[in-house]
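Same order as they appear, the protein sequences are chains A and B.
The numbers in the working numbering rise by one with no breaks, and the one at position 39 of the first sequence is 39.
The numbers in the working numbering rise by one with no breaks, and the one at position 411 of the second sequence is 411.
Worth flagging that the hints you see were computed from the coordinates, not collected in a lab.
Mixed in with the good hints, there may be bad ones.
[Stated by the list, open to error] Straight-line distance between alpha carbons at most 25 Å, and here's what the computed DMTMM-like set of lysine to aspartate or glutamate pairs gives:
(1) B:K32 to A:E207
(2) A:K76 to B:D229
(3) B:K226 to A:E207
(4) A:K191 to A:E151
(5) A:K168 to A:E151
(6) A:K227 to B:E42
(7) B:K227 to A:E42
(8) B:K149 to A:E30
2 protein chains.
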Amino acid sequence: MNEEMKIFFDEILQLLEEKRFTRLRELLAEAKPVDIAEAIEEMEEEEPQNTILLFRLLPKDLAADVFSHLSVSDQKNIVNVLHEHQLKQIVEELNFDDKIDFLEEMPANVVKRILLNVTEEERKLINQFLNYPEDSAGSLMTIEYIDLKKEMTVAEALQYIKNTGVDKETIYTSYVLNETRKLEGIVSLRKLVLAEPEMTVGSIMDEDLLYTTTLDDQEEVADLFKKYDLMTIPVVDQESRLVGIITIDDIVDVIEQENTEDFEKMAALLPGEEEYLDAGIFNMAKKRLPWLLILMISATFTGSIISRFEDVLQAVVVLAAAIPMLMDTAGNAGNQSSTLVIRGIALGEIEMGDYLTVLWKEFRISIVVGVMLAVVNLARMLIMVKTSWLIAITVSFTLAITVVLAKIFGGLMPIIAKKLKVDPAIMAGPLITTIVDAMALIVYFRIATLILGIH
Amino acid sequence: MNEEMKIFFDEILQLLEEKRFTRLRELLAEAKPVDIAEAIEEMEEEEPQNTILLFRLLPKDLAADVFSHLSVSDQKNIVNVLHEHQLKQIVEELNFDDKIDFLEEMPANVVKRILLNVTEEERKLINQFLNYPEDSAGSLMTIEYIDLKKEMTVAEALQYIKNTGVDKETIYTSYVLNETRKLEGIVSLRKLVLAEPEMTVGSIMDEDLLYTTTLDDQEEVADLFKKYDLMTIPVVDQESRLVGIITIDDIVDVIEQENTEDFEKMAALLPGEEEYLDAGIFNMAKKRLPWLLILMISATFTGSIISRFEDVLQAVVVLAAAIPMLMDTAGNAGNQSSTLVIRGIALGEIEMGDYLTVLWKEFRISIVVGVMLAVVNLARMLIMVKTSWLIAITVSFTLAITVVLAKIFGGLMPIIAKKLKVDPAIMAGPLITTIVDAMALIVYFRIATLILGIH
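Produce the entire structure from the sequences given, and follow the hints as far as they go.
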């Protein structure tokens, strides 16, 4: 909570304590829905017994808006104590896309309770929307858009927007449909306002339009928004009929969600949608265990390299002291390269055809970085650790070579993954680390046997 | 490039080859500016000699729009061969915020050339904008907004928007200013269109508005957009005078840029703005070397732990084989926790006050994860590697304890960093890995001396 939110929340607490409910109602009516939702979540943490009271004090039209901003767990808590007619009121007031989001998260009995209270037509529509796969364009869209006809004049269109616009998600883009609801064009409110009143909608609409279909992946939709600076995009079905629109505010959430998924994959986590503080212990463990297990078992291989060179280690035990540094530096160097390439791919800056460019670039960078690190390490070992010359040279030489290998490998793996249709983010961090660790050890022992003359 | 872009690009190539410039001009006039910019960048890679020709074929009004979507290096190439009057035309046509972005990237002699060609008034304004710090709200804003007066009627306001709106970045929000240009309120086009024509702007404007000041950090501005689902936000100076507005399309870029910075910090890179393929070798090496050096030198400490327990290792060399697995698993486990907490902080889900919740959560999760890993490892060592019971127990026991330590440490470090006003993202990945590696080794050798009875 920032300063302003704290002041707001303290005022709520005080009014509640003094039971000055009329004043509290006024305070809430003036506040922004998101801020009230934040206050309710804070109340749930500090004085859970007052959460419902606070929610009940909200004016009806504000209640739905606040409700849509609450976390899933708070929504559940509130739904459980609301009376049937109160729940019905809130669900009616929710925007269609918020309604679908809410129903997706509720347990079956709540969904049933709610579906009993809506019209046959709306029930069908809700069921259709609930069936769109998670992360699809269909799951993001809303049906609250403005549809116009080609034959309307600009004046008629503006009057129509004025009459019907109040419940729409956006009135800034209108969709021009024919009698079978096929999408023929779009027209922005900007164009309508700037056009002469007697012109027809058909003459000013944009026919060369971008659209998406219900089953498209939300990440591709977000890429369209980013590339073309869109505010909304229409969603059509297989027969080009308009079924809904997606607005930029939902895309901003998608972008953050996709970024979170990449962060999670790169940290060897299975991605999931639950917020950290809301997630249960076993769900959290399930996110973390699979990759830890896989990586632990693949580290057996790294261990077996050490076992294989046990004689070398036995002969010169001091070699063991450099193992952590070599492994860590190789891992870090590889990880730097893979992160840059993965991010470049995600942002569309690097494509599959660029693999030779990446290879050549990583090679040259790694020479610069590897030599610098090796020189510093040589000085460090000779001056600080006071190792013998031969050992210091062995370690530094290994360092330079593994940095080059790790960077080339780290730079190329994400591109190869993309080529194999594996998510590049999976290739980063831990997986690269495990592989370059093994490379570092093999190089180390080979060079050690050569330079130190051990067999 | 996707399929559609390839078709578009091939058509351009063919028309160029056949010298059918009239048809090519038509094709370009119908295309979207971003797509043309992408084609020009592709041309620069495949047939650089044709890049300028392609750019010169663009109709004047389109050229500026395409230009604003080009990469900095392509902009530089084009500026270098354009005639004075062509450059002047393009700069005149650029949106004000694109103009500033462009000038920020150009070398001093180009900026000078351009500033010679603008009016005294515009030169002042440009200089003012060029002085806003990078990553500040001031550097993101545009001056192309619509300003209204309180006393105007809705009909007058709509007429005014119609007359002046064509050059504005957005007409969907208008800003109500008093005679000293102080911001008194905002009014959306939606409200204007839905209101009665004879009402005054003052009576329907929203006075309780969100705004930002020129020196605010762009990340804070982006957080306001995300929290309140904004499309635009006004930017005011110290005296509450409106100086510009920021629109959502620029915020989407900020969000991606901030995410990229976090990815880079978490991979031990110094963040930078250059795209991977554009960056020079030495700039890239500079991004990577500092943390690699710091982490390499701090790994000396890890090495000294091994040196300290050299006798243990000498006595039971087989212990060395498990070192990579223990270090990797500890690093991965800590990294998982720190990534989740860092991301939670970045998205505003976790706050500083939550440190006890995080501690307790990580403790319970790590017990589950640690025990599972230890059991699997015990089986693995006994069955696959055929180690002795005592060694297998030593390694497994170490594994469980280090996973618990790594997860608690990984979960708390980002919160402590935030408390100390250090960027939490710096605390992830490599730094955590280095620290938990050292912890893992100390625990390992302590347990080994205890269980195996070595002194």
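Violated hints - listed by number, lowest first: Those not satisfied come down to hint 3.
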